[in-house]
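Given the structure of chain A, go ahead and fit chain B onto it with the hints provided.
Here the protein sequences come in this chain order: A and B.
Numbering of the first sequence is given in this note's numbering, commencing with residue 3 and proceeding in unit increments.
Numbering of the second sequence is given in this note's numbering, commencing with residue 119 and proceeding in unit increments.
Possibly wrong hints are sitting among the right ones.
Some but not every residue of chain B turned toward chain A, in silico, with C-beta under 8 angstroms [unchecked claim]:
| id | residue |
| --- | --- |
| 1 | D132 |
| 2 | M137 |
| 3 | I140 |
| 4 | N143 |
| 5 | E147 |
| 6 | K231 |
| 7 | P232 |
| 8 | P235 |
Bear in mind the hints are in silico, worked out from the structure with no lab data behind them.
For clarity, every value in this text was computed on a predicted model and none was experimentally measured.
The beta carbon of each residue, even a glycine, is placed where N, CA and C say it ideally should be.
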Amino acid sequence: MQSLLENTSLVSRAYWLVRLRWVAVGGLAVATFGASEFMGVTLPVGALYAVSVVVLVYNLALYGLLRYWTRGAEMPSQARTGGVLTFQISADLFILTTILHYSGGIENPFLFFFAFHMIIASILRSRHQSYMQATLAVVLFGGLVVLESIGGLSHCSLEGFAGHGLYRDSTYVFGMLFVFTVTLYLIVYMTTSISEQLRRHQEDLEKANAQLREKDKVKNEYVLRVNHDIKGHLAAVLSCLDVVNGEMLGPLNDGQKDFVGRAHRRTTTCLEFIGALLKLTRMKLTGRLEAEPFPLKKCVHNALALAQNRARDKSVTLSHQMDPGIDMIWGEGVLIEDTLVNLLLNAVKYTPPGGRVDLEVRYESDSVLIRVADTGIGVPESALPRLFEEFYRADNARAAERDGTGLGLAFARQVVERHGGRIWFENNPGGGSVFSFTLPAGPMSSSSAVQ
Amino acid sequence: MRQGRILVIDDDPDITDAMSVILENKGYEVRIAHDSDQGRERLKEAKPDLIILDVMMRTSQEGFEFSREVKQDEQFKDIPILMLTGVKEKKGIDFKSAAGDKSWLPVDGFLDKPVKPNVLIEKVQDLLSSPKA
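So here's chain A without its partners, still in its complex pose:
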């Protein structure tokens, strides 16, 4: 039977118990001091301080051990963590029994503290383990009070606090022990039944999540398959249209040329859309990034060359500014170049003739910042929350350019986030848009790689 919590939470709970024990040790010392000095209770002060010191040393050793096991990124096995927790709880029961022995035994109201350990065991450990802990507590505490009662162990009376002689009253001792036992077992029963219900619920959620992920994967594979087939047909259509449109089979009249041209343009647009969707879906289906050092400088120049043609056709000025030190960075070059091309073509597309697009690439601490600023139509406030969503296009973008996939920015975000970077939008102070993204310059740590 598993615990309610997963291993990482169990490890943090092991540390949590250590922290609580510091407080308990401090509490014990303060209570001993207060009770003996101010309340006039007679206590074997030396023994109690000695216990405090022993527990202090024990806790320090435990802390060291935990640190040793959890150093680096590696976690101890679930079994080992569980073992540590069981040991801690059992050891605490011994410690508490020892403290009670030196501070009045059955006369000390701190005996209720056994309840805490029952609750902790029931949540952190299995049902079986929890009942074992309850039994251990009953045996330890029962043994203590019975032995003190019949004189097998010395009894330290709490003179000045509780009526002495109570520990020798067998009716009281057995009555108390009975209630004590019932209470501990009931706590374990109630707590484990609730925590087990929670655990089942959690398992159901995990199962449902796994199913959702599987369904999403099936959906993506379906999209990929359908798109791939459509793309094959469209490529053939376009090739045939190229032949007619290029007048390779004889000249066309103006009407024919017009309509074949339209068919050609629509097919091209459709292919662009299919291509973008294929790229995005493929990326969603491949789990990990195939990151390696690649020449960012070359990617930037390739992307610029591609966008430059489009910018020239449209009389948009495209300029760039790059840190001279920019060269190799870590990531998947093909994807980064695609992202750059997307952003640059977008900027050119939504910038009216005479406007300008500026690309800036520079180091910023341990990452590379890439900014594409334009003097185009900008993004209205209302479109901002959905800007990077798949298939979303802002109203003004739709009005300015009928054709567009609504996938370019979604793709860019996927790529950037997979690299452990960030992409965002700002208004260009002079009007227009600024899209910026960061990429880690060096190898990614495992924590920053997404998914």
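Just chain B now, with coordinates in the frame of chain A:
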């Protein structure tokens, strides 16, 4: 005027037919094959100056395998191969090894599908005029 003879291998007949019109229009002589077996036959009988090869035919590997086969044949190893790829296929190709290790993927050029006629012609001219390895 004999510009050169080109063997086009693609399993899509619409693509091969369109491509042959585009190439013939520029004065090339075109032979067509729709799979590796036909490709092998045409190769022997036509002795082309260039092969245009689709990366994906019946299986996703057929194009690769065919190109390797051609380059291992003493008789044909000097014929340049232009490979047509899609994005997906491209991702599967390790371009560093493709450039550095000719025996692994022995092709002389790549073009993305669908190919624009002028881009195709440019690449074909380029490959036919470059000195043979």
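- [ ] Provide an ascending list of the numbers of those earlier hints which the structure does not satisfy.
- [x] 5
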